[in-house]
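Enquirer: Taken in order, these protein sequences are the chains called A and B. Per the numbering used here, residue 1 is the first one in the first sequence, and the count goes up by one each step. Per the numbering used here, residue 1 is the first one in the second sequence, and the count goes up by one each step.
Read the hints as simulated data drawn from the structure, not as lab findings. Keep in mind that a hint or two might mislead.
As the list claims (entries may be wrong) - Derived, one-sided and incomplete: chain A residues facing chain B with beta-carbon distance under 10 Å:
1) R197
2) I198
3) A215
4) F227
5) L230
6) L231
7) P265
8) P266
9) D308
Claimed, not checked - Residues of chain B placed beyond 10 Å of chain A at every Cβ, according to the derived structure:
10) Q112
11) G116
12) S117
13) H135
14) D199
15) P274
The beta-carbon is built from N, C-alpha and C at its ideal position, and this holds for glycine as well.
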Amino acid sequence: MSMVPEVGTTDTVAVAATTVTEVPVGRKIEGRSPWRLAYERLRADRAAKIAFGTIILIVLLAVFAPLFASAVGHGPNQQFIDIGENANGGPVPPSGTFWFGTDSNGRDLFIRVLYGAQISLVVGVLATGISVALGVLFGLTAGYLGGIVDSIIARMIDVMLSIPFLLLAISIAYISHPSEWLVILIVGVLSFTYLARIVRGQVISLKAKEYVEAARALGAGPWRIMFIDLLPNVMAQVIVYASLLIPLAIVSEASLSFLSVGVPPPTADWGAMIADSSSYFQYGYWWYLFFPALALLITTLAFNIFGDSVRDAFDPRGGGLFV
Amino acid sequence: MTVNPVPAPASDDPDVLLRVENLVKYFPVTSRRLFQEKMYVHAVDGVSLEVRRGETFGIVGETGSGKSTLARCVARLYDITSGRVVFDGHDISRISQRRMRPLRREIQMIFQDPIGSLNPRRRVGSIIGDPFAIHGIAAGSERKRRVQELMERVGLNPEHYNRFPAEFSGGQRQRIGVARALAFRPKLIICDEPVSALDVSIQAQVINLLADLQAEFGLTYIFIAHDLSVVRHVSNTVGVMYLGQLTEIAPAEELFTRPRHPYTGALLSAVPIPDPEASDEREQIILVGDVPSPITPPSGCRFHPRCPKAVPVCVSEQPPLEPRFGDGPGHTAACHRPMELGENLADFRPSIDEAERIIESGAMLLDGAFPGATGGAGSLSAPREGDRT
């Protein structure tokens, strides 16, 4: 946006007696938004930078997994019965051909771990997206409208919170046809409750502010107040919580797959790989468990550390949200 | 501008922009106990007033006297418990928020807290542009041009369009609030303590700005404050509020020179005088006790437990708001024993103990069974008589 230069830059506005700061003509005056301040604090945080670099690396590895597969010449579901299995039909240890060894079906574990990252990231991000959308919507309406709407939403959340997550997820997955999308839906829908509560609490304290009254005095309707006036003010908490929700969603997805109600085989998935490998671990096939577990650990750790830093950046006074 | 408020006009006077009739606003007190009787805060309890076009109607009162609630009821930010608010010929006391929307352009508010009344996460340009955005007027560069015009008009640098409220000083932020309220050239602007959060030097600037705008656009103000000197400076007519009711309404100068209600007298005596000798000579009236709870307001005249002139009739009967001692119809006071010119309230012995005793037997009193309330007035009367005609 370019400024209109003819207004009050050279001759200071004479109304009343404000001290208007003289600004060189042509220089754009732009305030630093609270977002920008948070971003700058985040940039100064070393742990955040390392964690973010790790996340970028994981994303790149996941995106370019097909490239690695074609470079190595091993497909994610390609079985190497001749060289990928030992004499007993078990997995072979890491070598020049199979960097992470192979799994019980003679497939390249390295390639499968890379493809597994795709599933984990997609589920993590999309499930968090669903959860944020629902959490913000229900939190805002419950908090701002109050009354009967609030009561209904609050009771609904109470009910959802009182049902054990895994039990419900397993039952839903069991009666439906398991697929990647179902997992995303289950994880997303079942994890919006905490976010809705956080948003609702924030909105209840914010709606007493005079700027909300000012908006009402101007004739703004409830939807405008909720999404234009209130949402930007709860966005910091939403982003902080969302950044911590991603690793949670990744772990939830892995858990469901571990319990074989998640992403169906033969799709490469960390949770499923860990489940398959658990019966081989005691016979010395350590790599089969080690690499998927390590991948899961690094991914969730990176997201968690990054989420922590995001929280610190948005709330420099520390504590506050989860303490 | 009507500098000299003339006699109270007839109800259909086109000169009256806002008429409030017997306005009542109760807030329920939320109680956790199940079978407890429902209780209410009597925030505004039967207020009637008229605001004439182009004038400034000042409202003064202590914290908790219901000034801000009254303002928000007039602006229909609150629903009204009972009574009527007639704005520019429209009865707006019962209409829905949706039907209120077009009228919102004509009634605007300026808020007390220059920090809290501006959304901290939005740029100043979009805050001042809000009225245009909400009512779908002037989009894009046209909106920006009008916003910058407004900013210039209230003495802000239009180049600061993209800044956030936190980057402005208190006075500048209040100017942002003024610009936002001014966007549609409203007929009525309700200023809810617009300067009480500002430094004294900045107060003058904002008050002068408001006065300039009033002269330029013919605005009508309802100006709420607890600073009497500010109210005296800006207002044509002043209403004094106590515990949700108006105790006295008068032309500004008359109220400050010839107060009728003892509460007004006590308030005025608390205004500091910038002359040590005059200040020493003057006797300050220190009111006894605290403001009673608005949940269970005192019977009769609400000021009676603290009034030095209280007599039993003040406890039993609510005094009407009407002219006293031959005042013009523009000067009304709700008092059974109004003050005469030059009368010193400090000379009266506070009959607070007697009054309190009366409250304790309040149940009887309400039934009219209390002996002192009707027949035995003499035994309770204040030491000095002769101020009632």
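Enquirer: Does each hint fit the structure? Answer for all of them.
Expert: Here is what the structure says about each hint:
1. Below 10 Å, beta-carbon pairs count as interface contacts, and A:R197 has none with chain B, the closest being about 21 Å; its hint is therefore violated.
2. For A:I198, the suggested interface contact is broken, since its CB lies about 17 Å from the closest CB of chain B, more than 10 Å.
3. Look at A:A215: its Cβ gets to within about 7 Å of chain B, closer than 10 Å, so that hint holds up.
4. A least Cβ separation of about 12 Å between A:F227 and chain B goes past the 10 Å threshold, and the interface hint is therefore violated.
5. Because the closest C-beta pair between A:L230 and chain B is about 9 Å apart, less than 10 Å, the hint holds.
6. The beta carbon of A:L231 comes within 9 Å of a beta carbon in chain B, closer than 10 Å, and the hint placing it at the interface holds.
7. Hint status for A:P265 relative to chain B: violated, with the closest Cβ pair at about 47 Å, above 10 Å.
8. Restraint check, A:P266 versus chain B: the minimum CB separation of about 48 Å is more than 10 Å; hint violated.
9. Given the 10 Å rule on beta carbons, the hint for A:D308 is violated: about 23 Å separates it from the nearest Cβ of chain B.
10. With a least CB separation of 7 Å from chain A, B:Q112 falls inside the 10 Å interface cut-off, contrary to its annotation.
11. A Cβ of chain A approaches the Cβ of B:G116 within 10 Å, the least distance being about 4 Å, so the stated non-interface status is violated.
12. Not every CB of chain A lies more than 10 Å from the CB of B:S117, the least distance being 4 Å, so the non-interface label is violated.
13. Consistency note on B:H135: stated as away from chain A, yet its beta-carbon is not over 10 Å from all of that chain's, at 6 Å minimum.
14. Under the 10 Å C-beta cut-off, the non-interface status given to B:D199 relative to chain A holds; the minimum distance is some 13 Å.
15. Residue-level check passed: B:P274 sits 22 Å from the nearest beta carbon of chain A, beyond 10 Å.
Of the numbered hints listed earlier, those contradicted by the structure are 1, 2, 4, 7, 8, 9, 10, 11, 12, 13.
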